[in-house]
Each structure stands twice: as structure tokens, then as C-alpha cells.
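**Student:** Take a look at the letters that make up each chain.
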Amino acid sequence: GENVEQHPSTLSVQEGDSAVIKCTYSDSASNYFPWYKQELGKRPQLIIDIRSNVGEKKDQRIAVTLNKTAKHFSLHITETQPEDSAVYFCAAREGAGKSTFGDGTTLTVKP
Amino acid sequence: DSGVTQTPKHLITATGQRVTLRCSPRSGDLSVYWYQQSLDQGLQFLIHYYNGEERAKGNILERFSAQQFPDLHSELNLSSLELGDSALYFCASSQGAGDTGELFFGEGSRLTVL
Chain A
1 GENVEQHPST
11 LSVQEGDSAV
21 IKCTYSDSAS
31 NYFPWYKQEL
41 GKRPQLIIDI
51 RSNVGEKKDQ
61 RIAVTLNKTA
71 KHFSLHITET
81 QPEDSAVYFC
91 AAREGAGKST
101 FGDGTTLTVK
111 P
Chain B
112 DSGVTQTPKH
122 LITATGQRVT
132 LRCSPRSGDL
142 SVYWYQQSLD
152 QGLQFLIHYY
162 NGEERAKGNI
172 LERFSAQQFP
182 DLHSELNLSS
192 LELGDSALYF
202 CASSQGAGDT
212 GELFFGEGSR
222 LTVL
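Protein chains in written order, with our numbering: chain A, 1 to 111; chain B, 112 to 225.
Zero decoy hints are in this set.
Computed list of chain B residues with no C-beta within reach of chain A, every gap over 12 angstroms:
| id | residue |
| --- | --- |
| 1 | R129 |
| 2 | L194 |
| 3 | V224 |
Simulated pairs of lysine to aspartate or glutamate, EDC-like, Cα-Cα distance not exceeding 20 angstroms:
| id | chain 1 | residue 1 | chain 2 | residue 2 |
| --- | --- | --- | --- | --- |
| 4 | B | K120 | B | E218 |
| 5 | A | K110 | A | E15 |
| 6 | A | K58 | B | E213 |
| 7 | A | K68 | A | E56 |
| 8 | A | K42 | B | E218 |
| 9 | A | K22 | A | D59 |
| 10 | B | K168 | A | D27 |
| 11 | A | K57 | A | E79 |
| 12 | A | K110 | A | D84 |
| 13 | A | K68 | A | D27 |
| 14 | B | K168 | A | D103 |
| 15 | A | K22 | A | E2 |
| 16 | B | K168 | A | E2 |
| 17 | A | K37 | B | D151 |
| 18 | A | K37 | A | E83 |
| 19 | A | K37 | A | D17 |
| 20 | A | K68 | A | D49 |
| 21 | A | K37 | B | E213 |
| 22 | A | K22 | A | D84 |
| 23 | A | K37 | B | E218 |
| 24 | A | K42 | B | E213 |
| 25 | A | K22 | A | D103 |
| 26 | B | K120 | A | E39 |
| 27 | A | K42 | B | D112 |
| 28 | A | K37 | A | E79 |
| 29 | A | K37 | A | D49 |
| 30 | A | K57 | B | E213 |
| 31 | A | K42 | A | D103 |
| 32 | A | K37 | A | E56 |
| 33 | A | K37 | B | D112 |
| 34 | A | K110 | A | D17 |
| 35 | A | K71 | A | D27 |
| 36 | A | K37 | A | D59 |
| 37 | A | K71 | A | D49 |
| 38 | A | K37 | A | D84 |
| 39 | A | K42 | B | D151 |
| 40 | B | K168 | A | E94 |
The hints are simulated quantities; they were obtained by calculation from the structure and are not laboratory data.
Each residue gets a CB set at the ideal place from its N, CA and C atoms; glycine is no exception.
With these hints in hand, go ahead and build the complete structure from the sequences.
**Tutor:** The structure is reproduced here in C-alpha cells:
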């Protein structure tokens, strides 16, 4: 089955700096790669996603890149703000619909 | 509000007991997924149902079972509960079965086994 590894497990940055979270996956059949943000005590919510036929996608301060050959994808957050502090999960979805999540990255943005 | 409803929000029970968690997906969504999130852990996939049929199984214990009913709501049954089953159980829904679409998560059911 699919295996998703996510790094780093914790990340601390100063407000205004950039943050990068990286994930690798094992199953070349995975074709959809979402990123979810989970604030403390709340449900995960989608912040950005990318499909396997696209290399990069950007939405304001958030961007995701995908390297299918190397089987890795990354989340980039620029100009970080304290409200970006949360746990971020990457995931890889197979054609059958099962999404495998990484273990999460706890991002702390210091004011 | 994601449109996915989970009940109960909190549940405290004793070891050896059995509980049922309920999930109503978003209107129009045919797929329901169950995930387990233990303290400070990631989201562990348990099971996926599409339009009443089981589509995929993760590392779901034999003590756990689930089903999706004709009205598309789903129930996750946890039996012979152990302390280690304490976790936040999320239900998520999506429109199709194998589509590349967003998972909409409910608020979760927090289970505490004493």
C-alpha cells in the first residue's frame, strides 16, 4: 500500500519568514495530493491540492510543487503569520479513493 | 461548517464496552471515510464506503466494524474497547469513489476509554 513520509515533524519560524514542508510517497498510482491544516481541537481542512498532471499550484501565500519522478511534493508558505500556526498534513490519494496521510508537521509562527 | 455531521462529539466509556459512532455525509456525497487520530498522532485510515459498499480497508482492528446505510449515513462500531482505543475519530465525505476531490471532515467524535 501507499506510504507517505512527511518532514519536518515540527517547524518554528519568525513571522514574515517562509515555511517549507516536504512529503514523499511510494505508490506511483497516487494521483492526487492535498494538504490539510488542522488547528488545535478542530477538524482538518483543505488548504491546497495538486493533481498528478500539474507540477505547481499557487494560491496567494501558499504554493505546492510536485515532482512525480522523484515522488515528492512540498508545501510552501510565504510571509507567514501567527494564524498560520497549526498542524499541516500532506496526503496521497490512490485511484480507488483511499487517502494516506503523512504524520503531520506542527508549524509555529513566532510574532 | 463542512456539512458533515458526527455524533456524539464526546464519549466516555469503560474498557470492554461497545460504542457506535455516527456520521452523516454532506448532501450529495456518496463516499464516507473513517479516520482515527490518537493524541499527537496523524490520521490513520480505517475504512471507506461508497454508496453502501465497502471500497477500501486500512489498519482497522477486527474489533471495529462499519457500515453505510441506504440513506448514506455511516456508523463505526467499536467493541471490546481498550485504553488504547481512546482517540479522536473523524468521518469525512467526498462526492465520488475514486475522484480527486476534497475530503470534507466532520468535527470528530472524541472517545475516552477509562
